[in-house]
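Novice: Letter by letter, the chains look like this.
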Amino acid sequence: MSKVEEILSELGYVAHHPARMVEQWKKETGGKAVGIMPIHCAEEVVHAAGMLPVGMWGGQTSISLAPEYLQSFCCSIMKAVMEFTMSGAYKNLDAIICPETCDTLRVIPLMMRKAIPQTPIIGVVLPDNRKIDAGIKYTAAEYRSIAKQLEQITGNPVKDEDLQNSVEIYNEHHAAMMEFFKVAVDHCDIITPYNRHMAIKSSYFMPKEKHTVLVKALIDELNKLQPTQFNGHKVVVTGIMSEPDELLEMFEKYGYAIVADDLAQGSRQFRTPAPADDDPYIRLGKRLANFEGCSCVYDPEKLRGKLLKQLVDETQADGVVVLMMKFCDPEEYDYPFIKQDLEEAGIPHLYLEIEQQMESSEQVQTRLQAFAEMLAERKN
Amino acid sequence: MTDTTTVKAAKDVVKELQAEYYAEANRAHEEGKLVAWVTSIAPREFLEAMDIVTIYPENHAAAIAAKKGSMEMLDIAESMGYSMDICSYARVNLGYVEAGDSAAGKVPYPDLLFCCNNICDTVTKWYEILSRRLNVPLIMIDLPFSHFDQPQEHTIDYIVGQFENAIKQLEQITGKPFNYEKFKHCLELSNQASTLWKESFELGKNKPCPFNGLDYFNYMAQIVCSRGNEKAVYFFQLLKDEIAAKVAAGEGYIQDEQYRILWDGIPFWYNLRVMAKSLKDRKAVQVASTYTENWALTYDTSDLRSMAKAYMGNFTNREFEFRFNNMCRIISEYSCDGVILHSNRSCKNQDFAMYELARQVTKATGVPVAIVDGDQDDPRAFSEAQYETRIQALFEMIDQRREAK
Numbered sequence: 001m002s003k004v005e006e007i008l009s010e011l012g013y014v015a016h017h018p019a020r021m022v023e024q025w026k027k028e029t030g031g032k033a034v035g036i037m038p039i040h041c042a043e044e045v046v047h048a049a050g051m052l053p054v055g056m057w058g059g060q061t062s063i064s065l066a067p068e069y070l071q072s073f074c075c076s077i078m079k080a081v082m083e084f085t086m087s088g089a090y091k092n093l094d095a096i097i098c099p100e101t102c103d104t105l106r107v108i109p110l111m112m113r114k115a116i117p118q119t120p121i122i123g124v125v126l127p128d129n130r131k132i133d134a135g136i137k138y139t140a141a142e143y144r145s146i147a148k149q150l151e152q153i154t155g156n157p158v159k160d161e162d163l164q165n166s167v168e169i170y171n172e173h174h175a176a177m178m179e180f181f182k183v184a185v186d187h188c189d190i191i192t193p194y195n196r197h198m199a200i201k202s203s204y205f206m207p208k209e210k211h212t213v214l215v216k217a218l219i220d221e222l223n224k225l226q227p228t229q230f231n232g233h234k235v236v237v238t239g240i241m242s243e244p245d246e247l248l249e250m251f252e253k254y255g256y257a258i259v260a261d262d263l264a265q266g267s268r269q270f271r272t273p274a275p276a277d278d279d280p281y282i283r284l285g286k287r288l289a290n291f292e293g294c295s296c297v298y299d300p301e302k303l304r305g306k307l308l309k310q311l312v313d314e315t316q317a318d319g320v321v322v323l324m325m326k327f328c329d330p331e332e333y334d335y336p337f338i339k340q341d342l343e344e345a346g347i348p349h350l351y352l353e354i355e356q357q358m359e360s361s362e363q364v365q366t367r368l369q370a371f372a373e374m375l376a377e378r379k380n
Numbered sequence: 001m002t003d004t005t006t007v008k009a010a011k012d013v014v015k016e017l018q019a020e021y022y023a024e025a026n027r028a029h030e031e032g033k034l035v036a037w038v039t040s041i042a043p044r045e046f047l048e049a050m051d052i053v054t055i056y057p058e059n060h061a062a063a064i065a066a067k068k069g070s071m072e073m074l075d076i077a078e079s080m081g082y083s084m085d086i087c088s089y090a091r092v093n094l095g096y097v098e099a100g101d102s103a104a105g106k107v108p109y110p111d112l113l114f115c116c117n118n119i120c121d122t123v124t125k126w127y128e129i130l131s132r133r134l135n136v137p138l139i140m141i142d143l144p145f146s147h148f149d150q151p152q153e154h155t156i157d158y159i160v161g162q163f164e165n166a167i168k169q170l171e172q173i174t175g176k177p178f179n180y181e182k183f184k185h186c187l188e189l190s191n192q193a194s195t196l197w198k199e200s201f202e203l204g205k206n207k208p209c210p211f212n213g214l215d216y217f218n219y220m221a222q223i224v225c226s227r228g229n230e231k232a233v234y235f236f237q238l239l240k241d242e243i244a245a246k247v248a249a250g251e252g253y254i255q256d257e258q259y260r261i262l263w264d265g266i267p268f269w270y271n272l273r274v275m276a277k278s279l280k281d282r283k284a285v286q287v288a289s290t291y292t293e294n295w296a297l298t299y300d301t302s303d304l305r306s307m308a309k310a311y312m313g314n315f316t317n318r319e320f321e322f323r324f325n326n327m328c329r330i331i332s333e334y335s336c337d338g339v340i341l342h343s344n345r346s347c348k349n350q351d352f353a354m355y356e357l358a359r360q361v362t363k364a365t366g367v368p369v370a371i372v373d374g375d376q377d378d379p380r381a382f383s384e385a386q387y388e389t390r391i392q393a394l395f396e397m398i399d400q401r402r403e404a405k
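Residue numbers (our numbering), protein chains in the order written: chain A, 1 to 380; chain B, 1 to 405.
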């Protein structure tokens, strides 16, 4: 096994074994673990409290318990989260933080409080008016409030200097991820859509400083190799996430490489660093103020289409695949302008409706195949 | 202004006021006034103070559906790529933006947008789209969802900061200084109207219930569109007097009423007839609704912090215990025999707490609950036969409970 393969294998293992990772971390450190629901929540506060932040973006499961709370038209990610909540899959989490992301995520934390009353469910509501002074201060105050609630669980104060340190660790991690995405473009044969996703997903289940070490080692190893010419279809993906795994396998099967992403679970978490400030909470507020292009963050200018065009230009991509998570309101509202912006820029795009639990993949296969053929024709 | 010398029925007056309101709105641009498109529970007092004419896309979308015109608008929006899964008010309005006319007539296009997300996050996305599509400024009033019984001080600070920011934006857009004197007057009128509105629907506690609660879905237009000016005060005084006279005379909407029902959620605007008939046939009356209670907004008019708290306090912006206690309170105060919850495809914010709410409310009060599937504006999501079956089951449960007593 090459060094690259070793690292990828480790990242894949972590991505597929969140429960084991939490157990292992607790055993090694004696610390506590905190679940973090999608989409935007500064994990740094949890990190500074000496706890392990654990991403809660659903997963592969059959849905049998969740309908006790949720109608059929709830998104598949939150159905899976509710299923895991009720089945006891989150029993090792000492608290769960729920950012108010959309109408569905207004209510899910309320239902979690009913389903698992023994686990503290901490709500965080980030501002729409995130750029005005009152908004930045409010973001900071929301995170301070989280810190206070975490202090009650650990019994230890969250010190400002610890949070400053955590913000630095996260800035470094996010920069490493963005660097990895760049380097990966020259190695599409190795960093397949699946491997790329594993690199992202694993970051949700281990301390970021450790993940940074792995990602930097991966970058170093890739840089030692000759860049490879990729003859398939280079695409930018946009949406909430690129799951399930079989979806990514289909990307590979039909000759796609993902050369950049605008996924809520991917680059949207990494692309905006926290700027400097004496107050670490204000740093987190300013990061939210500077961040652009997410369906779940207020944007009256609707910049996402422009941002996608920029990503396509930078990576010389052949097109964009819109991974539309069925029943995701924010993404569904964004789509028509994305479509318009891409069409005006002459960038081909594929609208692919996905669910985390895909009952049938045939339609997705057919559409990916047809889009690949269309892209191939354009090149000729 | 409507003739006030003879006492007319509130039902007729509200029709006249609405007709006047739309006529005035459609003249606004000729008269050099600015038009804002506004969400239904936004603090419109800021706009009233600046003589800005307010249009409510939610109300207009409801009116379009009531006139059986929603499918035409939905088709336009869906052909643009808007998913069938998003709110049908938004789809109807986005369709209207392209069509420029509707079964419920025209409304003037906006010069600005005024969005308040206390009702849901959907409006934020919808108004972002309007801002870009119509190239007009958007004033966003973000009233954060509350996970606590009482809002936190830092949240109130943020809201007051936004109010101050909105005032600056309004000054920029209108080119005039903010009219604090008129604003103060609007706040007072707004509180008067809200108080009268609340006092009028609270008369529904009487037995027999003096009104058909479904009529409140029409009266609502005035509390939404005119809260903060004299018209709303005039209308709700008239409405309250009318209902109080009925109570004094012992008159009921159904004299020998057999069942008292609480309705939760937005109605099926395209099929109010079915809702009305299924109740009336059983001598049942809708005595209360969680929806209409949202506009019972009162606050200290000398304190923006108090106003901020009032506007963030509607139940869809609050945690579960509030929603639960609120529903139990209404059931008790209005002596309800049954509850109908609308599992509305457009309203995920209410839907995903509904199954638990139904369980808990029945457990706490013993009152049977029916969950009916549908949608506020999209008739494709509604089946009359299924609705009737659920309603039938509800009344059977109510009868069984009575027999068991």
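Worth flagging that the hints you see were computed from the coordinates, not collected in a lab. There's no promise every hint is true.
[Stated by the list, open to error] Taking lysine to aspartate or glutamate pairs in the EDC-like style, the calculated list, with each CA pair at most 16 angstroms apart, reads:
(1) A:Lys339 / B:Glu78
(2) A:Lys131 / B:Glu230
(3) B:Lys168 / A:Asp133
(4) A:Lys137 / B:Asp111
(5) A:Lys114 / B:Glu188
(6) A:Lys326 / B:Asp85
(7) A:Lys148 / B:Glu319
(8) B:Lys231 / B:Glu171
(9) A:Lys137 / B:Glu188
(10) A:Lys309 / A:Asp341
(11) A:Lys137 / B:Glu78
(12) A:Lys114 / B:Asp157
Novice: Taking the hints in turn, state whether each one holds.
Specialist: Verification of the supplied hints:
1. Distance check on the hinted pair: lysine 339 of chain A and glutamate 78 of chain B sit about 13 angstroms apart at the alpha-carbon level, within 16 angstroms; holds.
2. In summary, the hint linking lysine 131 of chain A to glutamate 230 of chain B is not supported, as the alpha carbons are separated by about 37 angstroms, beyond the 16 angstroms threshold.
3. For the proposed pair lysine 168 of chain B and aspartate 133 of chain A, the alpha carbon gap of about 14 angstroms is at most 16 angstroms, so the pair holds.
4. About 30 angstroms separates the Cα atoms of lysine 137 of chain A and aspartate 111 of chain B, which puts this hinted pair outside 16 angstroms; it is violated.
5. Annotation: proposed proximity of lysine 114 of chain A to glutamate 188 of chain B is violated, straight-line Cα distance about 41 angstroms (limit 16 angstroms).
6. For the hint linking lysine 326 of chain A to aspartate 85 of chain B, the alpha-carbon distance of about 8 angstroms falls within 16 angstroms, and the restraint holds.
7. Between lysine 148 of chain A and glutamate 319 of chain B, the direct Cα distance comes to roughly 20 angstroms. Violation of the 16 angstroms bound is thereby established for this hinted pair.
8. For the hint linking lysine 231 of chain B to glutamate 171 of chain B, the alpha-carbon distance of about 25 angstroms lies beyond 16 angstroms, and the restraint is violated.
9. The hinted pair formed by lysine 137 of chain A and glutamate 188 of chain B fails the criterion: a straight-line CA distance of about 31 angstroms is larger than 16 angstroms.
10. Distance hint between lysine 309 of chain A and aspartate 341 of chain A is fulfilled; the C-alpha atoms sit about 8 angstroms from each other, no more than 16 angstroms.
11. A threshold of 16 angstroms between alpha carbons decides the hint, and for lysine 137 of chain A with glutamate 78 of chain B the separation of about 39 angstroms lies outside it, so the pair is violated.
12. Distance restraint check for lysine 114 of chain A and aspartate 157 of chain B: the Cα-Cα separation of roughly 30 angstroms exceeds the 16 angstroms cut-off, and the hinted pair is therefore not satisfied.
The structure shown violates the earlier hints numbered 2, 4, 5, 7, 8, 9, 11, 12.
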